[in-house]
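Enquirer: For reference, the chains in residue letters:
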Amino acid sequence: MSSARERFKKANSFVQLGSEANKETIVDDIIKDLDSTPEKKEEKKPVVMEAPVIEEKPVISPEPQKTPAKRAPESTKEQIRHVINPAGRPRIYDGGYHNYAARLRNDVFDYIKTTVGEDKPYKSINEYLNALVLRDMQDFK
Amino acid sequence: MGKIIGIANQKGGVGKTTSVIEIANNLAIFERSVLVIDLDPQANLSKYVDADLTKPTIYEALHGDVQVLDIIQHIGRIDVMPASEDLSKADREFIGIDDVYLLSDLIELVQDKYQYILVDTGPARNILLNMTYVASDYIIVPCVPDDGALFGIDKVNRDIEQLRDGKRKISHAKLLSLILNNYHANWNNDSQKLSNIEYFKGQIKDDPEVYTVRTYTGTSECKSMKMAIIDYDKNSNAAIDYRNLTYDLMEKMEADA
Chain B
7 MSSARERFKK ANSFVQLGSE ANKETIVDDI IKDLDSTPEK KEEKKPVVME APVIEEKPVI
67 SPEPQKTPAK RAPESTKEQI RHVINPAGRP RIYDGGYHNY AARLRNDVFD YIKTTVGEDK
127 PYKSINEYLN ALVLRDMQDF K
Chain Y
80 MGKIIGIANQ KGGVGKTTSV IEIANNLAIF ERSVLVIDLD PQANLSKYVD ADLTKPTIYE
140 ALHGDVQVLD IIQHIGRIDV MPASEDLSKA DREFIGIDDV YLLSDLIELV QDKYQYILVD
200 TGPARNILLN MTYVASDYII VPCVPDDGAL FGIDKVNRDI EQLRDGKRKI SHAKLLSLIL
260 NNYHANWNND SQKLSNIEYF KGQIKDDPEV YTVRTYTGTS ECKSMKMAII DYDKNSNAAI
320 DYRNLTYDLM EKMEADA
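For the protein sequence lines, the chains are B and Y, in the order given.
The opening residue of the first sequence carries number 7 in our numbering; numbering runs sequentially from there.
The opening residue of the second sequence carries number 80 in our numbering; numbering runs sequentially from there.
Where hints are given, some of them may not hold.
What the hints assert, rightly or not - Examples of chain Y residues toward chain B, derived with CB under 10 Å:
no., residue
1, 133
2, 184
3, 188
4, 225
5, 229
In case anyone wonders, no lab produced these hints; they're calculated from the structure.
As the structure is a prediction and not an experimental result, all values here were calculated from the model.
Glycine included, C-beta positions come from ideal geometry on N, C-alpha and C.
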């Protein structure tokens, strides 16, 4: 071990470390102290740093977020509105077009696959979306 | 045990420190405990967050002159281990073969207290950068849309592969993400650089995510006010982009656990 590393470990030897070997060394030293000076029992308490239990907390934003939800909403038309605008072009989505619009498109495609089923009349999502746009353009205004 | 994220790029001025500040603050907003370690000899992050540089810094801690817990400063939402300009002497002072593990030893002492530990590095290929590669679980590479972007990413990737998969396997870091800062969606040059990066990332073994952060003209003002963009102007494009990419990365890292 290098001298810098030795120096570092020596300086921090009374900080509770993760390894069991160091824990035992600290506890042995503390027991020796307790045996020799009983009146100091209250002062020499081992500092135990327990690993905090990491709970799965829901994400709570302190203020309402301007960006829409990451997951596409339920109805197909709502989903499509987030992906393409009435002109049929991809809509710029808050948070970076490249990542989130692409993911929303995948979400919509999955939704269409499950709702339309295997016998869908369209070969691709683009064909389906184009048909919807041409047919229902007034709904998106 | 906390996840250790190193932010590295040997090119300067690409937004490493800004990315660390924004990601750290957003993680704290998402109710995660965060420690930021400034390992840049220029101490930009420490000055940016207005840390007290008269107190012991990570330079003294790495030398074993002070205990690690004594250098942590709580600033705003996050804890910070500030840097010192004396870190510029690191290459001359940490020359032992095992000195590359010093940062790992330091982080091991506090890893149980935090869920995320971010390490900001300087724009230099030195022992401090090696320490970061050795200690980190993940590496994020910020860049800007210019000709040097791919070179910077390639260098970091090759360094990680050499330390992780080479003869002396001393690193376990994974290239998590590439962040393209100062991005203009409607500029042809920036779109072309993004396409180049997305093409290049396919050749990287770790398959990192590519994120864009749209340009924000108030970045200098934020630094003068010692505020993060998320606090200074939370509805700006950059703040929204950082928030979204932080959430994304957090989900990905917590799914890895």
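Enquirer: Against the structure, test the hints numbered earlier, and report the numbers of the ones violated in rising order.
Expert: 1, 4 and 5
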